[in-house]
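Using the hints, position chain B against chain A.
Sequences listed follow chains A and B, in order.
Heads up: the first sequence begins at 1 in our numbering, then just goes up one per residue.
Heads up: the second sequence begins at 476 in our numbering, then just goes up one per residue.
Since the hints were derived computationally from the structure, they do not count as laboratory data.
Every value quoted in this text rests on a predicted model; they were computed, and no experiment measured them.
Heads up, a few of these hints could be off.
[Unchecked claim] Residues of chain B clear of chain A, computed beta-carbon distances all greater than 10 angstroms: (1) Arg636; (2) Asn638; (3) Leu1071.
[To be verified] Within a straight-line C-alpha distance of at most 16 angstroms, the following computed EDC-like cross-link-like pairs (lysine to aspartate or glutamate) qualify: (4) B/Lys503 with B/Asp514; (5) B/Lys603 with A/Glu105; (6) B/Lys503 with A/Glu105; (7) B/Lys855 with B/Asp770; (8) B/Lys503 with A/Asp225; (9) B/Lys879 with B/Glu868.
Glycine included, every Cβ here is placed at the ideal spot set by N, Cα and C.
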Amino acid sequence: MSDTIAFTLNDRPVEATGISPAMTLLDWLRGPARLTGTKEGCAEGDCGACTVVFERLSSSGARICEPVNACLVMMGQVHGCAVRTVEGLRGRDGAPHPVQIALAEGDGTQCGYCTPGIVMSMYAFVAGGEPPEPTLLHDALAGNLCRCTGYRPIVDAMARVAGHAADAAPPPAAGSVTGNAVLMHGATRFDVPATMAGLLALRRDHPDAWLLAGGTDLGLLVSHDRQIPARVVHVARVPELQALVLEHGRLRIGAAVTYARLLPFLEGPLAPFGAMVRRLGSRQIRALGTIGGNIGTASPIGDTLPVLLALDASVRLRSAARGARLVGIDDFFTGYRKTVLAPDEIIEAVDFEVPLHGDIFQVDKVSKRRDQDISTVLGAYLLRVEGGIVRTVRLAFGGMAATPARALRVETALLGQAWTEATIERAAAMLGEDFQPLDDWRGSAAFRLTVAGNLLRRLYMRASRPDLVVEIDQL
Amino acid sequence: MSGADPDTARGTAKGGVHSPQRHDSALKHTTGEAIYIDDMPEPAGLLHAALVLSPVAHGRLRSLDLAAVRSAEGVAAAVTAADIPGPNDIAPVGRDEPLFAETLVEYAGQPVAAVAATSLDLARAAAKRAVPDIEPLPPILTIDAALEKGSLLAPPSVLARGNVGQAMASAPHRLSNSFRVGGQEHFYLEGQVALAVPGEDGDLVIHSSTQHPTEVQHVAARVLCLPYNRVTVSVRRMGGAFGGKESNASWVAAVAALLAWRSGRPVKLRLPRADDMVATGKRHGFLYRYEVGFDDDGRVLALDATLAANGGHSVDLTPGVLTRALTHVDNAYWIPHIRCTGFACKTNTVSNTAFRGFGGPQGVMLMEDAISRIAHALGKTPEDVRAANFYGEGSNDETPYGQKVEDNLIRRCVAQAARDAAWDQRRAEIDAFNRASPVVKRGLGMFPLKFGISFNIPSMNQAGALVHVYSDGSIRLNHGGTEMGQGLFVKVAQIVAEVFQVDLDRVRITPTSTAEVPNTSPTAASTGSDLNGWAAFAAANTIRQRMAAFAASHFDVPEDAIAFRDNHVQVARPGDNRTMPFGELARLCHQSRVSLSSTGFYKTPGLHWDAAAMKGRPFFYFSFGAAVAEVAIDTLTGESRVLRVDLVQDCGRSLNPAVDRGQIEGAFAQGLGWLTCEELWWDGEGRLRTAGPSTYKIPGSRDMPPVFNVRMLEDAPARAATIFRSKAIGEPPLLLATAVWTALKDAIASVAGHSVPVILDAPATPERILMVVQGLRNRSGELPSS
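With the rest of the complex left out, here is chain A:
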């Protein structure tokens, strides 16, 4: 047990002592560390002003730079990591980093408050060696809000510096922690188990402890709501939870696999899932957020959940007392943010069959803003149509009920019927029987029902007359 959090900050080893392991990295940087370049804009992971970069080496030895929101990261999560902030970008000669120069010279700053975060997102983008294609530039900036510039000079500066500034950055620092870690200070104990057995024992003995994976949701309790947890169990270092395997046509995703790691697997028949995940949060969120977290949080607007419902996924749960059990995703959600997870259980993994060639698999996300927005309605659909007849159908929606849910009456109206416009119209009319959505700031009940019906119409049009359905983001 230790009250020392050891990590690498801007290439130098740091030992932070006398602080709560539940303190946010942002508060630590701006407070005890007096590194005020990193700004607080919202403390809810949406504005990106606090963006810093986690650096690590991949298994093949390549450097991976991932931007994260420092406001959502607890200091316990930083233990053993390498962090770079805007203060750590200057070269050995003290010269500013090429991205800092490019942004300044390109008139990419006005008030300057979002700028350090934007610089760090640019740095991660450039370090990743990505080409300066508009789609990728916007992907990389989706987690950073700027209220002054209108972004054009930022995007231009980023495009200019892409590809040829990676070498100028200092090499990543090594940082690794092995074995269980226990960090403790003040009212908070922060466990980082390294084995499944260790995790299950902690879960059994402390069922009220916060189970922390990426912290993109839980971190809000600390950053935004200023809660002080008594006990946190950080699950990300348990190897079984990091499994990511595609075999025999099934994809198995460990609960602590981040969206960033998952994305390369969401291609081919799963491309519609991947396209949606690219709009889930931002790069900062996807670097931390996990599929297990999304399932465990069980929000009615959790973006992956309708997809998992459409794909008929199985959730593997595990406890020390009873070992593993499999629960079908249909049975997993029991009410608003409620699941079948027992107090001593953890989510180990989720797996599903990859759609077959010829299956109709689509995912639609409707939100006020294209990027980094919570869905008003999210629809995911998997159908098999053989000989013009709908043979299997699973249609799931988020934002339509207290849980993510399948449209069972609509499915019934489609199953075994001819795959025609008239059928889809009849089926869409059943949505009101499946769902009685709420009015809220993301949309009225009437809008949700209307748009969900139209998504079904679009599903049909895309499948039957793809030439008529232009996507506005491809114009």
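Relative to chain A, chain B alone:
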């Protein structure tokens, strides 16, 4: 000539006016070294403050128990209205807004108390322990409810000309319509923050993120019952403001000042984002109703309009916002008979305030709506109807408030934008696309702009500056304007460099302070560089003239033999020309006891305004522009996207084209957000439920048009005597985003083959667009089928 010429740049040194200069802090921004108030080293004994906010929108505050707050860990002071030594009044104009609610709470989020503790977390935890006992009263939450109940902040204001009744009655055609536009959260990235540090005798230094240091000084002094000379307010830079740190910064600073006075210790109040969003004012939402009479050519003969603004619970700056809205209803159009009635509605919501454009953006939407309706009624294009109504040159050129539109650039801007946009060709392409595309529809929209520059209150149009030349020739510049990211500081420094013909880097920019330049106006209404630029010019020119006079006498030549050129001073003496470095002359001046420090002062000439009659000359000049926008909508989901924008903005002769381009693009983005994705949503109890960026969506980088052609109108020096013939730039381009709204309406109208007029309230969220599309489909019986 010993003075500098304010019309023509000489440009012998680096970084003078008209050159594209980077923001002075650009590299500090990108390295994280630029210091904002929350980044300043914390003074010893600093306390952190937190607010206690009303959870209800309207109610009687029966009691407020702070015992648990005061006994909480780390708490050094807790204050309510009863602890204010002076008047409990923070109103900028009227006298109706308390710092802390006393007996009546009037909006959810209204401060009722504040606490200072040894750490921010302790302060916020303590604030949660306050127990306000509030007897709820029925709240008025909407403009409609306020109008129905006659709940107004001021008597209605009327801007009128001619005989509307008669002209309307005799007009060949008449139509009427109603629509509405929402408010807007500023969402400056740096939230409201102030640090108050008590000094000797209880004097206070306040570091405040404010556009209006003088008002912070006045409000803090008022609540503490101090003369103004005991309070000094300073700000080096803000992390964005947009009008949101004009009046709202004052009460945040006043809370910090009150707690500092009470505790005798330095106090910092930094609002968490959610508090900032519920407790500080926003752009006014508007409801419009109008009737318009017109002839067969689409010429408007009469307009009778009502504009009702949601002022929130207190006056704040609402009368000014409403006045600007009313004086911008005409926009680019000559309307012979007009009556615009403005209602400042009092509701139980946060008091709405200044926001870039200050009512202008709301005002100009009315005629755009009318024009699209007239065009529909007559089977004409909106472009033809617009052209039939533009202000004339030499005739039909008087605004409803009596000011002539001189220097009319409307047609020039519109023609240029249409040319840049290849309007005719793309109009045809888009119509063809829409005929073939059942789901996605494209639309094309235009917007012409005329925007009045000056504060509507003539007395506010003044500014001061203070320039020192040190004996080494380095220059220190201070003025009453504040830097919020808009590049004011570098522009004013360019003017000073231009006066002395020295390189820009010789001019040191310094924080705005009420101790250096007193009695200032806010940095607002786009006037920052117009006013402060002239004041700094005057200060620098006074010193230059003294230096020239000294040099003339020292070298025994006439003053016109002295020239300032490329960091040097030239003395032309027959047969004995000499040149000395600027610093050398400064040293000689000091040796010879010549003052090298001067204030400068400027007041905009020729302004007058009769607020009761709504007549006069409120604006020094007009700024013009035009924009063409192309959008696409998905008629199944209501999602939209801006595909291309071509805009033309009149900048006069730009002081700094790099900064001005940034202002144009950024303002356009902000207008785009206001009209599309930014939606404020209050629940039935009057609580703002979009109180953070997770729920309140400002545009992201992907929301900007992939083709965005920005043109500053060439060869258009200001006709008014502006500094170096430049024009204001802060607000006008925000209004150009109205073209996106007109384009969205065009795209929607295509769903029904332009056979049905479209009413589209803003913000045009996917929901609003889809619901209008569905309505059209239901009326026209057309479905998006294959």
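Checked against the structure, which of the hints given earlier come out wrong?
5, 8
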